[in-house]
Structures are given as structure tokens and as C-alpha cells.
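Top to bottom, those sequences are chains A and B.
Each residue of the first sequence is one higher than the last, beginning at 1 in the numbering used here.
Each residue of the second sequence is one higher than the last, beginning at 259 in the numbering used here.
In short, the hints are calculated from the structure, not lab data.
Computed from a predicted model, the values in this text were never measured in an experiment.
Just a few of them, taken from the derived set where beta-carbon distance is under 7 Å, the chain A residues facing chain B:
#: 1; residue: V43
#: 2; residue: E127
#: 3; residue: S136
Beta carbons: idealized from backbone N, C-alpha and C, even for Gly.
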Amino acid sequence: MIRPVPSGPQVDAWWFDAGRTTLGPAELAELSAGERDRAAAFVFAADRHRYQAAHVALRRVLARYTGISPHDLSFRREPCPRCGGPSGRPVLTAAGPLAAVPWFSLSHTGDVVLVAVAGRPVGADAERDPGRCVCSLAGSMHPADAARVAGLTGQARHRAVIGWWVRAEAALKCAGEGITHRLGEFPVLPPATACPGPAPGGCELATVPAPPGCQAAVALAAPAPGLRVTIAGPLPGPAAGPPGTLGEGSERAARRQR
Amino acid sequence: MNTPAAAGRAPDVTRELRHLLAAVTGRPELLACPEEEALFGTGVGLDSLTGTLLLRRIQDRFGVDVAAEDLNLDSLATLASLAEFVARRSAAAGPAG
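Make the full structure from the sequences, and use the hints.
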């Protein structure tokens, strides 16, 4: 059954654990030739596996909203709205009539994969705690955000800096911009949820409940007051599904792998 | 632009960059990162947060603000291109450290 694309200020968030994902020939066959070429270019097998698991997960999620089989989904990259370069947002190329084309955003950090789906431009970012000092990132913040973290120390500051990063990166991805642009040109930290940048209309931000050791956020193109995030797929962690499970949408794949 | 001084410094810079890369990622295997591998996207698969931490460490160590000076960030493509950029700019700015 096709899952309706979220409407209005709603975002579906799907979590996957690449560390518990087994990729066999059937899963890898769902990737495009381009994705397989990219996968082949990784130096380390662990990075290759994470990339493949993330892209299989993305295709399976989008298959649920479109009714198109994972392999038959095709994507193109929009130009970066800031510089015109090729690093803009990947979008789904609708092949055939669809009730609604889902907007999506993919993020992965270590083994953790987050896919956000919405009815309008959306950006998602998840970051695993890097386990080392991130203080230097505060130098890239908007002054309003820098002031918010200036009074914090220790773990509270560490968490706040990573929390800032995921919101800022989600906002940039929502606008379709490469991460290298304008990271500190707009404030993103709570209590505000409406963000004036980086796209002209701004965006709405929300924290996404994340697995242990991670922080995540989504940004949805404004106006989206009352932004609500639904966890549509399982959070990874000790309570996650059996090894090999790629979210609730892939029970068949999980059975095949067992 | 590629002065003999900068070219002579590049191997040292490359070695230091490998250490910074391994330190910010917490991945000692990157001490053996091939010079011509892509740092982002594929290759060694750096994410943007780690990449930004790396640029901050480079700024502290070499006094070179890569993000400010190389707007397209072409120099971030590989360890070799990054080392060449850092060697050239830090040589122009005087001895590092």
C-alpha cells in the first residue's frame, strides 16, 4: 500500500542502522549504475557499506510513497541555488503520474541513517557525537547562536554545538545549498523554531528524536508553523529490529536475509 | 604560484595533514590515506562536520583559512590538493608554527 506523502507542516523521519544491515545481491541490485560506481570509489569497505545501506534505505523509503520499485526510482541533482554548481539538492524524477512527489533528505553519520520525507522542500541532518572537542565549530556560528552557547561549559556546551550544527546543516539542505555556504549567516538555536534563512522564505526547524549518541534535526520550507515530526521507521539501537532489518518497510528483505 | 619553497614543503605538510585527519576523525587507518583519494563524497567519505573540524585544525596549525581563501573548496578534493594549497599559502604567509 502506498503511504501518503506528509502534507503541510508534517515530516516523516525514518531511521536505519547500517551496522545491522546485511546487503546481498538483491539489495545491491536496487542501486543505480551511478550509485554502484560511487560505492566502488570508497577506500574502506566500512564506508562503502554505509553508503550502500543508506542508499538502499532511501530507495525503499521512497518506494513506499510512490509505488515505484526501488530500482526504478531515478534522481537528478538540482544546481546549487547559491553558486550554480553541481552540488545542489538531489530530487526524485517522477516517472509517470504520481499523486504527490515526495521531497526528501538523506543523512548518515557512522552507521546511523536518517531519511526525512515531506510534501515540500525538507532538509535533515544527523550527527554522531564525534567524541572529541567540537568547540572550534562555534567560530562558524551566527552571533546570536554564539551568544547562546557562550555561557555553557563542559558537556552542555559540547551538546549545544553539535545541536547547532545539525540545525544549521538541515536548514542549508532544506534550501538545497551546499554545506560550505553561509553556515553562520542565520541563527538556528532554540527557543526559536522559525529560521530566517538561508532560502528567502526561511524555514521551520525541529529536533528529531535520535538514537543514543546522536543528534538530529529537520528543516521544512516555510511557512510551516507547528512543524511535526513522525518517526515512521525504527530508531536504531539495542531495541531495534532483527539484524538486517531496513525499517518497517522491508520485512520481506529481512526474512530473506535470515 | 607553485614556488620551489612550497613544492619542497608539500611532503611535510601532507604528513601533518594525515595526522590531523586521523585525529579529527578518530580513525588511525587514515594515517595511510592515499594522497589522491577523494576526501569527501566517496574516497575516505569525510562528512561535512568532520571536514569543518579539519579546516579549523589546519587554520590553527598553518594559519591558512582554506574556506575563506578557496571559495570553491577545490583544494579539499584530495589530501594532495589540500597539501599543495596549504604549502603554497603558508609559504606565502611566512614560516608556519
